[in-house]
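Engineer: What follows is the residue order along each chain.
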Amino acid sequence: MSLVFDALAGLLVAGAALAAVTAAAPRAAVIAFMGYGVLLGLAWARLAAPDVALTEIAIGSGISGIVLLRAAAGLPAVPPAANRALAAAISVAVALGLAALVLALPEPAPSRAADAAAALPATGLGNPVTGVLLAFRALDTLLEKIVLLLALVGVWALARDPLWRGRPEPLFAGAAPAPSAFLARVLVPIGVLVGAYLLWAGADAPGGAFQSGATLAAMGLLALMAGLAPLPRADDRRLRLVLLAGPFGLLAAGFLGWATAGAFLAFPPGFEKPVIKIVEIAITASIALTLILVVLGPPAGEERP
Amino acid sequence: MSLLLDAVTLLLVSAGVLFFAAGTLGLLRLPDPLTRIHALTKADNVGLALIVLGLLPQAGSVMAGVKMIAVWALAQIASGAVSQVLAEAATLEAQIEATAREKRP
Amino acid sequence: MADLLFAAGALVLLICGAGLAALWRGEGDIDRMLAFQLLGSGAIAVLLLIAPAMSEPALLDAALLTALLAALAACAYRAALGGRTPPAPDAPERQP
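Residue numbers (my numbering), protein chains in the order written: chain W, 3 to 307; chain X, 20 to 124; chain Z, -14 to 81.
Check each hint, because a few of them may be wrong.
[Said to hold, decoys possible] Which stretches of chain Z does chain X cover? Using the computed rule of at least three CB atoms under 8 Å from a CB of chain X, they are:
id, stretch
1, -10 to 4
2, 15 to 23
3, 28 to 34
4, 37 to 47
5, 51 to 63
[As the list claims (entries may be wrong)] Cross-link-like lysine to aspartate or glutamate pairs, in silico, EDC-like; alpha carbons within 20 Å at most:
id, chain 1, residue 1, chain 2, residue 2
6, X, Lys86, Z, Asp16
7, W, Lys275, W, Asp142
8, X, Lys61, X, Asp51
9, W, Lys279, W, Glu171
10, W, Lys279, W, Asp206
11, X, Lys61, Z, Asp(-12)
12, X, Lys86, W, Asp142
13, X, Lys122, X, Glu112
14, W, Lys279, W, Asp142
[To be verified] If you only want the chain W side, here are some residues facing chain Z, beta carbon under 7 Å, derived:
id, residue
15, Leu71
16, Phe174
17, Val196
Since the hints were made in silico from the structure, they are not lab data.
Just so it is clear, CB atoms sit at the ideal spot from N, CA and C, and this is done for glycine as well.
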């Protein structure tokens, strides 16, 4: 029976992807893409990868939805035919390339999963994904955080010189109508709670810093959309401290590892879990704020409310 | 006992799926966006409630059961508010379309 | 039991798929958004159904997140329409 379910889910994913690609207008394509994100979350859930499912739901249909709807609002209703042909050619090429890569993978695929599972007890964590991200491959995670920060620097670099200390443009033009503001007021506190829960649960169950950060970022964007919070100023010192907390917290923990455990990014024996948790809190805050600021775009003025 | 619980699950989940089907039918057959929103939010939430109720005997722990109810409660609150948001959007879109039609002779 | 839960999940998927396919041919984006909301509710139901069937309690968290973000998408859709608000239908006509 689960095979029937999987076949149906696969067909729906393909159908939603097709709807997104063949939609005539940008906004219709974006809505199809958000549906595709939800269905892809289901697919990941069926592939026994709940960590990825959580990320896909938060990023694929949440934050990407906001980004793409905002982009679609600025596009002509019907894009030029030449653009569509070019986009079709590029996506077909990428899809074929990916398919070729998947077929070229050795069978069985090389895996360090058994090693990771065997070494997991030493970290005091129960979730192997968190173990890999923060203990076994912490260097990759550190570099990812720095890349995220560089992405924000790149976005801010697009600001015009006299304006770069100010606030970004509002996400969407105009004030939020009453129903949307109500929905945001109800949803944001619940969502912040869910985000905090995902971070806490991430030590021993699926979840963790990125899923939590993405959820918190989505809630932050919702609060900004509904006018519940002022747009952040790029020169706010506290904001910059939060941005730096994640990468530098992980870096500090890394140097601490030299003193306590004899290697860069090694965690002090006996205190692995508390140190990892504290670093994860800092990383989550940085991820959430960085995602919000990247979505908002470059600062555009001093006096924007 | 477990057979009885399974029967309860089967009954309630089937009823829930039936409500989903009814909601979709309403979505497809009702004439305008506002009535379709009505069909969607009402039927979906009863359907989800029945499914959650039916799954409670299958929950592995008390925590899992509480979480299922929390999911339903959140969906319930969100769905009520979402219907208002979409209804307002539908009204606005109809208005924009009417203005556009006036401008085009 | 697991088979029955998967069967129920497959039925919900089928229903959502039918809704998607039919609404997709509809004229307005609001109908597409309704199809998306239906899909969101369906995905919540499916995740709840397959969580006990797969013995994977973390899928309940995924259901929680789906409920949260489907609502956010509705808010974003409305915001993207712009700041104009429709007049209340029962507002008295203003006399010139």
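Engineer: Just to make sure I understand the rule, a stretch counts as covered if three or more of its residues have a C-beta closer than 8 Å to a C-beta of the chain. Does the stretch 37 to 47 of chain Z meet that for chain X?
Structural biologist: Result for this restraint: holds, n = 5.
Engineer: Holds or violated: Lys61 (chain X) and Asp51 (chain X), Cα atoms, limit 20 Å.
Structural biologist: holds (16 Å)
Engineer: Below or equal to 20 Å on CA atoms is what counts here, so check Lys279 (chain W) against Glu171 (chain W).
Structural biologist: With Cα atoms ~35 Å apart, Lys279 (chain W) and Glu171 (chain W) exceed 20 Å; violated.
Engineer: Let's test the interface hint: is any C-beta of chain Z closer than 7 Å to that of Phe174 (chain W)?
Structural biologist: holds (4 Å)
Engineer: Verify this for me: three or more residues of the stretch 51 to 63 of chain Z with a beta carbon less than 8 Å from a beta carbon of chain X.
Structural biologist: Holds, because 8 residues of the stretch 51 to 63 of chain Z bring their Cβ atoms closer than 8 Å to Cβ atoms of chain X.
Engineer: Quick one, are Lys122 (chain X) and Glu112 (chain X) close enough, alpha carbons at most 20 Å?
Structural biologist: Measuring from Cα to Cα gives roughly 15 Å; hence the hint holds.
Engineer: Between the alpha carbons of Lys279 (chain W) and Asp142 (chain W), is the straight-line distance 20 Å or under?
Structural biologist: holds (17 Å)
Engineer: Quick check on the hint: Val196 (chain W) CB to chain Z CB, less than 7 Å?
Structural biologist: Hint holds; Val196 (chain W) Cβ to chain Z Cβ min 6 Å, cut 7 Å.
Engineer: Does the stretch 15 to 23 of chain Z contain three or more residues whose Cβ lies closer than 8 Å to a Cβ of chain X?
Structural biologist: holds (count 7)
Engineer: Using Cβ atoms only, decide whether Leu71 (chain W) comes closer than 7 Å to chain Z, and label the hint accordingly.
Structural biologist: At 4 Å from the nearest chain Z Cβ, Leu71 (chain W) passes the 7 Å test, so the hint holds.
Engineer: With a C-beta cutoff of 8 Å, work out whether three or more residues of the stretch -10 to 4 of chain Z approach chain X closely enough for the coverage to hold.
Structural biologist: holds (count 8)
Engineer: Just to be careful, I want the Cα atoms of Lys86 (chain X) and Asp142 (chain W) compared with a cutoff of 20 Å; is the pair within it?
Structural biologist: violated (34 Å)
Hint compliance for this structure: hints 6, 9, 11, 12 are broken, all remaining hints hold.
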